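Trainee: Whenever a hint applies, use it, and build me the whole structure from the sequences.
Chains as they are written, first to last, in our numbering: chain Y, 1 to 336; chain H, 1 to 336.
No lab work stands behind these hints, which were simulated from the structure alone.
Among the clues, some could well be false.
Claimed, not checked - Lysine to any residue pairs mimicking SDA-like chemistry, simulated, CA-CA at most 20 Å apart:
| no. | chain 1 | residue 1 | chain 2 | residue 2 |
| --- | --- | --- | --- | --- |
| 1 | Y | K52 | Y | L146 |
| 2 | H | K82 | H | H116 |
| 3 | H | K257 | Y | D247 |
| 4 | H | K280 | Y | G294 |
| 5 | H | K257 | Y | V199 |
| 6 | H | K82 | H | V62 |
| 7 | Y | K298 | H | E197 |
| 8 | Y | K257 | H | G240 |
| 9 | H | K53 | H | K30 |
| 10 | Y | K257 | H | K257 |
| 11 | H | K330 | H | S172 |
| 12 | H | K257 | Y | W193 |
| 13 | Y | K280 | H | K53 |
| 14 | H | K280 | Y | E201 |
| 15 | Y | K280 | H | S216 |
| 16 | Y | K257 | Y | S291 |
| 17 | Y | K213 | H | K274 |
| 18 | Y | K257 | H | E201 |
| 19 | H | K257 | Y | I218 |
| 20 | H | K274 | H | D318 |
| 21 | Y | K213 | H | E197 |
| 22 | Y | K213 | H | G240 |
| 23 | Y | K257 | H | S202 |
| 24 | Y | K257 | H | S248 |
| 25 | Y | K206 | H | G212 |
| 26 | Y | K49 | Y | G78 |
| 27 | Y | K206 | H | D223 |
| 28 | Y | K280 | H | G240 |
| 29 | Y | K206 | H | G224 |
| 30 | H | K206 | Y | I218 |
| 31 | Y | K257 | H | W193 |
| 32 | Y | K49 | Y | L128 |
| 33 | H | K206 | Y | S216 |
| 34 | Y | K53 | Y | D73 |
| 35 | Y | K213 | H | W193 |
| 36 | Y | K213 | H | Q220 |
| 37 | Y | K257 | H | K330 |
In this text, all values refer to a predicted model and were calculated from it rather than measured experimentally.
Protein chains: 2
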Amino acid sequence: MTRKVPAMSEPSGLVAALRDCTTVLISVHKNPDGDALGSQLGLMLGLEKIGKKVFLHNLDPVPEIYRFLPGTDRITSGPSVKGAYDAFIVLDADPPRTGLFNGSWPARTLINIDHHVTNPREWPLTWLDPEATATGEMIYRLMTGLRIPFDKDMAICLYTAIFTDTGSFRYSNTTPESMRIAATLIEAGADPWMVTENVYESYAFKRIRLLGKVLSGIEQSRDGRIAWVLVTDDLYRQTGTSAEDTDSFVNFVRSIKGVEVAVLFRQTGAAQYKISLRAKGRVDLSGLATSLGGGGHKNAAGGVLDGTFTDVRDKVIDAVAQALEAQMGKGPQAAS
Amino acid sequence: MTRKVPAMSEPSGLVAALRDCTTVLISVHKNPDGDALGSQLGLMLGLEKIGKKVFLHNLDPVPEIYRFLPGTDRITSGPSVKGAYDAFIVLDADPPRTGLFNGSWPARTLINIDHHVTNPREWPLTWLDPEATATGEMIYRLMTGLRIPFDKDMAICLYTAIFTDTGSFRYSNTTPESMRIAATLIEAGADPWMVTENVYESYAFKRIRLLGKVLSGIEQSRDGRIAWVLVTDDLYRQTGTSAEDTDSFVNFVRSIKGVEVAVLFRQTGAAQYKISLRAKGRVDLSGLATSLGGGGHKNAAGGVLDGTFTDVRDKVIDAVAQALEAQMGKGPQAAS
Chain Y
1 MTRKVPAMSE PSGLVAALRD CTTVLISVHK NPDGDALGSQ LGLMLGLEKI
51 GKKVFLHNLD PVPEIYRFLP GTDRITSGPS VKGAYDAFIV LDADPPRTGL
101 FNGSWPARTL INIDHHVTNP REWPLTWLDP EATATGEMIY RLMTGLRIPF
151 DKDMAICLYT AIFTDTGSFR YSNTTPESMR IAATLIEAGA DPWMVTENVY
201 ESYAFKRIRL LGKVLSGIEQ SRDGRIAWVL VTDDLYRQTG TSAEDTDSFV
251 NFVRSIKGVE VAVLFRQTGA AQYKISLRAK GRVDLSGLAT SLGGGGHKNA
301 AGGVLDGTFT DVRDKVIDAV AQALEAQMGK GPQAAS
Chain H
1 MTRKVPAMSE PSGLVAALRD CTTVLISVHK NPDGDALGSQ LGLMLGLEKI
51 GKKVFLHNLD PVPEIYRFLP GTDRITSGPS VKGAYDAFIV LDADPPRTGL
101 FNGSWPARTL INIDHHVTNP REWPLTWLDP EATATGEMIY RLMTGLRIPF
151 DKDMAICLYT AIFTDTGSFR YSNTTPESMR IAATLIEAGA DPWMVTENVY
201 ESYAFKRIRL LGKVLSGIEQ SRDGRIAWVL VTDDLYRQTG TSAEDTDSFV
251 NFVRSIKGVE VAVLFRQTGA AQYKISLRAK GRVDLSGLAT SLGGGGHKNA
301 AGGVLDGTFT DVRDKVIDAV AQALEAQMGK GPQAAS
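Mentor: Given below as structure tokens:
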């Protein structure tokens with residue numbers, strides 16, 4: 001079968017720099033996800049096959065659901081990087097997002113590999129491919145270019161990277177090329193159900209109870225285009241959970257028919273709420289970041305606001321409703 | 001890239017029979033799913049390209065979430081099949097599971113195409129490939145064999161068939177071959193996010209409220225290997241929902257870490273409950289079907305029991321606990 005998506009090749013300078021070094025430190029962004037960790041571990045396993053001494057360090061520890069990845073015990077974490085290396089490779093983010101800069105970087109050769117179009121390419125050895133589904137896909141191509149064969153552990157890591165960044169091949173970034181790479185990685189030993197069970201079927205019991213209580217209180221705007229849920233300190237107490245247990249809850253709200261924007265309000269103080277917004281693809285949220293006191297891009301935005309829940313909710317829902325009306329016109333049952 | 005999964009070719013008799021006929025009726029099983037409907041519509045669109053007159057009839061109507069599939073307006077439904085055809089093709093099930101047999105079948109040439117290993121192959125022209133991920137994959141191969149090109153509508157139908165039968169490429173039936181076929185179907189016009197949005201992101205608002213209330217009441221066995229939820233008539237009333245809104249709820253229960261068997265109890269009368277069991281793959285549920293008064297296979301079983309909820313629950317949970325202990329030994333925190 002043919003490759004329809006052009007595979008942007010890695011810069012030759014990057015390959016030469018890798019060949020020249022012996023010790024390599026690899027880091028990824030804060031709050032690492034499946035693509036960051038799968039890419040980091042897959043690259044480590046590959047570089048070790050060609051004789052490199054590889055070290056892994058991130059600001060944050062590996063989340064529970066990714067501890068099944070081969071080699072996670074090799075990842076150290078914390079705010080300060082120790083030692084000096086021939087090369088420092090930052091994956092899946094521009095370097096400042098590692099949260100590890102303290103006046104200097106721990107190597108002379110600095111390499112950045114990323115697929116986020118927003119990356120400002122500050123390092124000369126930046127390989128940025130916004131067409132790539134995941135950074136894991138770029139690592140797959142780099143390994144192929146270096147003629148490093150894929151063993152089972154590498155396959156699991158890179159499969160997980162592509163699998164999680166596409167939401168198990170559901171999102172619009174799913175390309176024929178990413179599916180063919182995934183197919184090859186299954187042949188090399190990645191087990192789709194094993195990865196699924198770890199990533200999507202390992203919820204804590206208390207977390208499902210919290211999800212139930214949160215969804216029981218779901219509300220929607222009159223036109224049905226905005227829906228929201230609230231997680232209070234009281235719900236955390238009732239279920240013995242904490243903020244990290246709410247990860248991905250906003251996706252359930254987004255999954256409702258007719259909803260264009262889903263909102264998750266999480267209590268973070270007596271009168272403070274953290275807001276997470278998710279869009280279904282027809283409305284652009286990036287302009288909302290300022291009014292929410294936070295950041296964002298097209299399909300996701302967030303921030304933290306002070307006030308009573310009623311005040312915060314009204315402010316956020318009004319801002320979202322205005323964005324919807326400006327971009328899509330009035331909703332189907334909008335009143336006035 | 002190489003094909004590692006052997007592609008069992010369709011029987012030549014089947015191709016000859018198809019070439020010989022002009023009018024074709026295609027039916028699928030009761031309660032049709034994405035694979036059944038995607039295969040049915042994909043085959044119709046393909047056969048029309050080579051001049052066949054194709055008719056579609058099923059016992060049950062097309063569920064709401066699959067109405068986005070091109071051609072669903074062509075599917076009639078109901079218990080009786082009208083007319084006579086040159087060929088009658090049953091997809092994704094053995095013919096009795098269509099629920100359409102009333103003493104005779106509506107054609108002389110009978111063709112059955114299925115990937116379920118349990119199919120008894122009663123029709124001489126049965127093409128059964130248990131290695132196929134989905135019946136949709138077999139239709140893809142049949143179209144390729146007949147040199148029928150894939151247009152966008154066919155691609156959407158067959159992509160949806162494979163996508164839904166693998167749970168969006170999550171289940172253990174996901175093969176390299178199925179992913180490469182999906183890649184080709186994306187190139188032919190299938191849009192992964194459009195299919196996802198229709199299949200997985202089109203829940204009714206009331207359904208998410210019901211899910212919340214149901215999950216709020218989740219319970220588990222002492223050893224954490226069984227978890228269950230209950231849907232009562234009262235919850236349906238509170239949320240304006242009905243039994244069909246509980247579809248896939250049991251999957252949320254199964255997604256809990258440590259849970260081997262998930263149970264959904266649905267009230268179907270003052271003292272009657274319908275039971276759905278799902279296993280994670282390490283325990284075989286097929287032996288439980290008898291004690292539940294229903295049917296089942298390895299990863300799923302179900303039935304209907306009369307009694308108070310407490311009686312029914314105790315009976316089912318005891319039976320599951322015994323099956324677990326017999327097959328896997330005592331659980332980690334089992335008491336006695």
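Trainee: Does each hint hold? Answer for all of them.
Mentor: For each hint, the structure was consulted:
Pair hint K52 (chain Y) plus L146 (chain Y) holds up; C-alpha atoms about 13 Å apart against a cutoff of 20 Å. Straight-line distance between C-alpha atoms of K82 (chain H) and H116 (chain H) comes to about 28 Å, which puts the hinted pair past the 20 Å bound. Of the pairs offered as hints, the one joining K257 (chain H) and D247 (chain Y) holds, with about 16 Å between alpha carbons and a cut-off of 20 Å not exceeded. A distance of roughly 40 Å separates the Cα atoms of K280 (chain H) and G294 (chain Y); the hinted pair therefore is violated under the 20 Å criterion.
Only pairs whose Cα atoms come within 20 Å are accepted, and K257 (chain H) paired with V199 (chain Y) is accepted, the gap being roughly 10 Å. In summary, the hint linking K82 (chain H) to V62 (chain H) is supported, as the alpha carbons are separated by about 18 Å, within the 20 Å threshold. Proximity of K298 (chain Y) to E197 (chain H) is assessed by CA-CA distance (about 17 Å); at most 20 Å being required, the pair is judged to hold. Distance hint between K257 (chain Y) and G240 (chain H) is fulfilled; the C-alpha atoms sit about 16 Å from each other, no more than 20 Å.
Between K53 (chain H) and K30 (chain H), the direct Cα distance comes to roughly 24 Å. Violation of the 20 Å bound is thereby established for this hinted pair. Taking the CA atoms of K257 (chain Y) and K257 (chain H), the gap is about 29 Å. The hint is violated against a cut of 20 Å. For the proposed pair K330 (chain H) and S172 (chain H), the alpha carbon gap of about 26 Å is over 20 Å, so the pair is violated. Taking the CA atoms of K257 (chain H) and W193 (chain Y), the gap is near 14 Å; set against the 20 Å cutoff, the hint holds.
Distance hint between K280 (chain Y) and K53 (chain H) is unfulfilled; the C-alpha atoms sit about 39 Å from each other, more than 20 Å. For the given pair, K280 (chain H) sits about 9 Å from E201 (chain Y) by alpha-carbon distance, which is consistent with the 20 Å threshold. Under the criterion of a C-alpha separation no larger than 20 Å, the hint pairing K280 (chain Y) with S216 (chain H) is inconsistent with the structure, at around 27 Å. Taking the CA atoms of K257 (chain Y) and S291 (chain Y), the gap is about 27 Å. The hint is violated against a cut of 20 Å.
With a C-alpha separation of about 24 Å, the suggested pairing of K213 (chain Y) with K274 (chain H) is violated against the 20 Å cut-off. A C-alpha spacing of about 6 Å is found between K257 (chain Y) and E201 (chain H), which places the hinted pair at or below 20 Å, so the restraint holds. Of the supplied pair hints, the one linking K257 (chain H) and I218 (chain Y) is violated, its CA atoms being roughly 25 Å apart against a limit of 20 Å. Of the pairs offered as hints, the one joining K274 (chain H) and D318 (chain H) holds, with about 16 Å between alpha carbons and a cut-off of 20 Å not exceeded.
The straight-line distance between the Cα atoms of K213 (chain Y) and E197 (chain H) is roughly 25 Å, outside the 20 Å bound, and the hint therefore fails. Distance restraint check for K213 (chain Y) and G240 (chain H): the Cα-Cα separation of roughly 18 Å lies within the 20 Å cut-off, and the hinted pair is therefore satisfied. For the given pair, K257 (chain Y) sits about 4 Å from S202 (chain H) by alpha-carbon distance, which is consistent with the 20 Å threshold. A C-alpha spacing of about 16 Å is found between K257 (chain Y) and S248 (chain H), which places the hinted pair at or below 20 Å, so the restraint holds.
Between K206 (chain Y) and G212 (chain H) the CA atoms are separated by roughly 14 Å; this keeps the pair inside 20 Å, and the hint holds. Annotation: proposed proximity of K49 (chain Y) to G78 (chain Y) is violated, straight-line Cα distance about 27 Å (limit 20 Å). Taken as a hint, the K206 (chain Y) and D223 (chain H) pair is honoured in the structure, with Cα atoms around 15 Å apart against an allowance of 20 Å. Simply put, K280 (chain Y) and G240 (chain H) have alpha-carbon atoms about 26 Å apart, too far for the 20 Å limit, and the pair is violated.
Between K206 (chain Y) and G224 (chain H) the alpha-carbon distance is near 12 Å, which keeps this suggested pair within the 20 Å criterion. A threshold of 20 Å between alpha carbons decides the hint, and for K206 (chain H) with I218 (chain Y) the separation of about 9 Å falls inside it, so the pair holds. Simply put, K257 (chain Y) and W193 (chain H) have alpha-carbon atoms about 14 Å apart, close enough for the 20 Å limit, and the pair holds. With a CA separation close to 24 Å, the supplied pair K49 (chain Y) and L128 (chain Y) exceeds the 20 Å bound.
The hinted pair formed by K206 (chain H) and S216 (chain Y) meets the criterion: a straight-line CA distance of about 10 Å does not exceed 20 Å. Pair hint K53 (chain Y) plus D73 (chain Y) holds up; C-alpha atoms about 16 Å apart against a cutoff of 20 Å. In summary, the hint linking K213 (chain Y) to W193 (chain H) is not supported, as the alpha carbons are separated by about 29 Å, beyond the 20 Å threshold. The suggested pairing of K213 (chain Y) with Q220 (chain H) holds, with an alpha-carbon distance near 17 Å, which does not exceed 20 Å.
Note on K257 (chain Y) and K330 (chain H): the hinted pairing is violated, with a Cα-Cα distance of about 43 Å set against a maximum of 20 Å.
Checked against the numbered hints listed earlier, the structure breaks hints 2, 4, 9, 10, 11, 13, 15, 16, 17, 19, 21, 26, 28, 32, 35 and 37; every other hint is satisfied.
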